[in-house]
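Quick mapping for you: the protein sequence lines, in order, are chains C and H.
Remember, our numbering sits 111 above the position in the first sequence when you count from 1.
Remember, our numbering sits 111 above the position in the second sequence when you count from 1.
Since the hints were derived computationally from the structure, they do not count as laboratory data.
All values reported here derive from a predicted model rather than from experimental measurement.
Treat the hints with care, as some may be off.
[Stated by the list, open to error] Pair ranges (Cβ atoms, derived):
(1) G277(C) / A286(H): 28 to 36 Å
(2) K198(C) / L142(H): 14 to 22 Å
(3) E121(C) / D272(H): 48 to 56 Å
(4) L165(H) / L258(C): 44 to 52 Å
(5) T312(C) / P197(H): 36 to 44 Å
[Claimed, not checked] Part of the chain C face toward chain H, derived, beta carbon under 7 Å:
(6) A209
(7) L259
(8) G277
(9) P331
(10) Y342
(11) G345
Backbone N, C-alpha and C define an ideal beta-carbon position, used for all residues, glycine too.
2 protein chains.
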Amino acid sequence: MNLILLEPSELSPAGALRLTGRRAAHVLEVLRPSVGDRLQVGVAGGLLGTGEVLALAPDSVTLQVRLERAPPPRAPVDLLLALPRPKILRKVLHAAAAMGVGRLVLLGSWRVEKSYFGSPLLEAGALDAELRLGLEQGRDTVAPEVLLRRRFKPFVEDELDAAFPGAQRLLAHPAAAGPLEALAPRAPRAVVAVGPEGGWTPYEADALARHGFEGFSLGPRVLRVDAAVPYVAGQVELWIRTGSR
Amino acid sequence: MNLILLEPSELSPAGALRLTGRRAAHVLEVLRPSVGDRLQVGVAGGLLGTGEVLALAPDSVTLQVRLERAPPPRAPVDLLLALPRPKILRKVLHAAAAMGVGRLVLLGSWRVEKSYFGSPLLEAGALDAELRLGLEQGRDTVAPEVLLRRRFKPFVEDELDAAFPGAQRLLAHPAAAGPLEALAPRAPRAVVAVGPEGGWTPYEADALARHGFEGFSLGPRVLRVDAAVPYVAGQVELWIRTGSR
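Pulled out of the complex, with its shape left as it was, chain C reads as follows (with noise of 0.2 Å):
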């Protein structure tokens, strides 16, 4: 945890806040300031500032809040994501939050097993609170916005172009021809395409070309998607800001 993430709702309008629960365990067990000494907070979709330690309990914490800047921009990279099995989702919502990932679409696809959809890591309060653990990581205070769509068809044909506006369309496919640097990014940000292990099927693969998904190889090796995705979005960045052919 290198913020604490506030609600906007616990802000009293002098900023002085009393911490319990998790946040407070991890301040007292962890972190063991001293009463003057100053931590990173944020508030959810707001301010990154400092905490100053007024008072520490040993099961609270109090702080003086004081909010200064914005947080950091968001990444220029967006994810269209053949839904992942629960234990390698969480991996996936901590780092694409801590990486300020845009906007993050779980999908169905051929290879992605139904019961996935069933998980209970996917209810609202549940993702909230991962996509939470990442900002805290991250130092960041604006989550992915994430879209769950269990059908591929549905979603690729009318959904992609109001989902994505302006991003630039990539694929990650190991039997893409050429290397990321064989593309010329033409967007402010791209969307990146992540399959399932086993990878997209032909159909689902020809479906996002027709899209405008283009593909590029990550090379001859397959990386588990919680490895692929961080790994592809540093490299997605990187090519943007500095182009390419």
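Using the hints provided, position chain H relative to the given structure of chain C.
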């Protein structure tokens, strides 16, 4: 498991092989092939090829192995990593092996808890088993060389040159002035230093800088090490391939 990894000692001259245990269970329960199907196999440290299914039994699989091609080239990235806590280390070992990292030094640092060096995960058999899982994921046969060094200063002062010959030295550091593209690649590979949670101490960062590590920033966000490693590796690979500045 995208590859069935075999030990050289398991292979008979004629190439027939009976799998049992973990690998057989994976083949029977997840891949569920028919007799005559070909599975991807590789020999640890050696070639990739196919294993034609000759026979299936309730707890074993007999393959006819044909070795055909070299494993993918090593990624142009080595890592100098402050030893993470065991739960994170396991993920980093998987990702490093799947990505084809050349050498991985796990280093002590002021902010690395001494107890981490006593983790059972660091015993030779356990470490190899984790790397093997990464190779099976990544479809490679060659694991990163892993060096474990408890003491920061002797390693940096006495061993660096031998550990990473010919590699450009980079330091992923939040406080660094510019992004990766502000640096120019000057070697065919790079070693990237990634600090502990909380970062290298100023003394450690200075010592790395004095020994030729050039800092670059990953931006205002702080990624957990298991996400930072693939993020950094993806960026550095693209940067080496395309150059900048």
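Tell me if the interface restraint on P331(C) is satisfied: Cβ within less than 7 Å of some Cβ in chain H. holds, 4 Å
Should the hint that A209(C) touches chain H count as held when the rule is a Cβ pair under 7 Å? Holds: closest Cβ of chain H sits about 5 Å from A209(C), inside 7 Å.
Has the hinted range 44 to 52 Å been met by the Cβ atoms of L165(H) and L258(C)? Holds, since L165(H) and L258(C) (Cβ atoms, about 47 Å apart) stay within the stated range.
Going by Cβ atoms only, is G277(C) closer than 7 Å to chain H? violated, 21 Å
Please verify that hint: L259(C), Cβ, nearest Cβ of chain H, below 7 Å or not. At 22 Å from the nearest chain H Cβ, L259(C) fails the 7 Å test, so the hint is violated.
Per the CB criterion, is Y342(C) less than 7 Å away from chain H? holds, 4 Å
Do the numbers back the hint for G345(C), that is, is its least Cβ distance to chain H under 7 Å? Constraint on G345(C) satisfied, holds at 4 Å.
Should the hint that G277(C) and A286(H) are 28 to 36 Å apart at their CB atoms be regarded as holding? holds, 33 Å
Mind checking the hinted window 36 to 44 Å against the Cβ distance between T312(C) and P197(H)? holds, 38 Å
Does the beta carbon distance between K198(C) and L142(H) stay inside 14 to 22 Å, or does it fall outside? holds, 20 Å
Given the hint of 48 to 56 Å, check if E121(C) and D272(H) actually sit that far apart at their C-beta atoms. holds, 53 Å
The earlier numbered hints that this structure contradicts are 7, 8.
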